[in-house]
Amino acid sequence: MDDCRRGRDLGSPRLPHWARADVIAHRIHAQQLDRPLAERPLTDAATLDIGIQDTGRDAASWALVNRGVAVSEPGQLNGSDLLACVWSLRASPHFYRRSELPDVLVAVSPYSDADADKRILGADQPLKAAGIPTRKALGVVAERMRRIVDKPMVKGEVSTRLTKKLDPPYLRTCVPCQAVHAWEMPFRLGALYGGLELEPGTSPPVLRRIPDWPRPEAGPALDPMAAPAHLQPIQAYLRFLGPATPGDVAGFMDAPVADVKDHWPDDALAVTVDGKKAWLLGADRPQRDVPDSLVRLLGPFDLLLQGKDRSVLVPDRARHKALWPALGRPG
Numbered sequence: 001m002d003d004c005r006r007g008r009d010l011g012s013p014r015l016p017h018w019a020r021a022d023v024i025a026h027r028i029h030a031q032q033l034d035r036p037l038a039e040r041p042l043t044d045a046a047t048l049d050i051g052i053q054d055t056g057r058d059a060a061s062w063a064l065v066n067r068g069v070a071v072s073e074p075g076q077l078n079g080s081d082l083l084a085c086v087w088s089l090r091a092s093p094h095f096y097r098r099s100e101l102p103d104v105l106v107a108v109s110p111y112s113d114a115d116a117d118k119r120i121l122g123a124d125q126p127l128k129a130a131g132i133p134t135r136k137a138l139g140v141v142a143e144r145m146r147r148i149v150d151k152p153m154v155k156g157e158v159s160t161r162l163t164k165k166l167d168p169p170y171l172r173t174c175v176p177c178q179a180v181h182a183w184e185m186p187f188r189l190g191a192l193y194g195g196l197e198l199e200p201g202t203s204p205p206v207l208r209r210i211p212d213w214p215r216p217e218a219g220p221a222l223d224p225m226a227a228p229a230h231l232q233p234i235q236a237y238l239r240f241l242g243p244a245t246p247g248d249v250a251g252f253m254d255a256p257v258a259d260v261k262d263h264w265p266d267d268a269l270a271v272t273v274d275g276k277k278a279w280l281l282g283a284d285r286p287q288r289d290v291p292d293s294l295v296r297l298l299g300p301f302d303l304l305l306q307g308k309d310r311s312v313l314v315p316d317r318a319r320h321k322a323l324w325p326a327l328g329r330p331g
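According to our numbering, numbering within the sequence shown proceeds without interruption in unit steps and concludes at 331.
Please keep in mind that the hints were generated in silico from the structure rather than gathered at the bench. Keep in mind that the hints are not guaranteed to be accurate.
Said to hold, decoys possible - Mimicking SDA-like on lysine to any residue, the simulated pairs with C-alpha atoms at most 20 Å apart in a straight line are: (1) K118 <-> P102; (2) K321 <-> L304; (3) K276 <-> R14; (4) K277 <-> D22.
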C-alpha cells in the first residue's frame with residue numbers, strides 16, 4: 001500500500017515532530033525500562049507481548065529485571081508455569097506468557113507464501129523447484145516434528161529422526177556437519193507450529209510438547225491478523241520501538257516490506273523523526289518524564305537494541321560495530 005495510506009494523518013502537511021530524545025524516552029517508557037524493581041508476577045512485563053528474546057546467558061531474566069520484575073535467580077524462569085520459551089520471530093528463542101502460546105502461534109505466522117519464503121532464508125528454493133508452497137511445507141515439517149517429539153528430546157535427535165521422515169526438497173547437505181539434514185529455519189519455525197516448546201536452560205536445546213495444546217492441526221495459521229492485537233508483531237513493534245517505518249518492522253520480522261505495508265494498522269500515528277516520516281502506536285505525544293539519572297545495563301539482545309533505526313539510538317556510526325557486531329554481542 002503506497003506510503004502506508006492506512007496510517008492516520010498521512011496526508012497532513014504538518015506532522016508532529018519527534019526529536020531523537022523524544023523517541024528514546026518514548027521507547028524506554030513503553031518498554032517499562034523506567035519501572036522500579038518490585039515484587040510482580042513474572043507475566044507482568046509488557047514486552048512479553050512481542051516476546052523476550054532469550055539469546056545469551058540469562059537474557060530473559062535480565063530483561064525482566066530491567067523492566068521492574070524481581071527475578072530471584074535465572075532458574076526461576078526455567079521452572080515457571082507462567083512463562084514458556086519457543087522459537088518464534090527470526091527463529092530465535094523468546095519467552096511468552098504460557099497462556100497465550102496458541103495466539104502467539106497465530107500472530108507470528110507468515111502473511112503469505114512470499115513472507116514464508118523470506119523467513120526461511122534459502123530453504124524455499126528447493127521447495128519452489130518441487131512446486132511445494134512454503135506455508136504448506138512448514139505444515140509438513142511441523143506435523144512430522146509433532147509426531148516425533150512424544151517425550152522431551154534433544155534437538156539433534158529430533159533432527160536426525162525428522163530427516164528420515166522428509167522428502168529431498170526439505171533437506172540440505174550441510175558441509176560443517178558433513179551430513180544431510182532438515183533445513184534449520186523450517187525446523188525451528190516448525191516447532192511452535194507443531195505445538196512444541198523449548199525446555200528453558202537446556203544446551204543443546206531440548207524440545208517438548210506444550211501441555212494441553214489446543215490446535216488439532218499442525219502448521220502456521222492461515223490468518224495472522226486473527227491473533228489478539230497486542231500480540232501482532234507489527235502493532236507490538238510500533239508500540240515498543242516506534243516511531244518506525246515499514247522497512248524497520250519488516251527487518252525485525254524477516255518479512256517482506258510489501259506484506260508489512262498490507263497489514264499496517266489503521267490507527268498508526270504518523271510523525272516525523274529527523275525529517276523522515278515514521279509511525280507509532282500507543283502515544284499521541286512524546287514521553288518527557290524519563291529521569292536523566294536512569295541507568296540500565298542491557299543484555300546484547302534486549303528489545304531496546306533491536307530497533308532497526310540504529311542511528312536514532314546511537315548517532316555515531318563508528319560505535320555501531322562494537323554495539324551490534326556480526327558475531328557475538330557484548331552486554
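Hints not upheld, ascending by number: Result: hint 1 breaks, nothing else.
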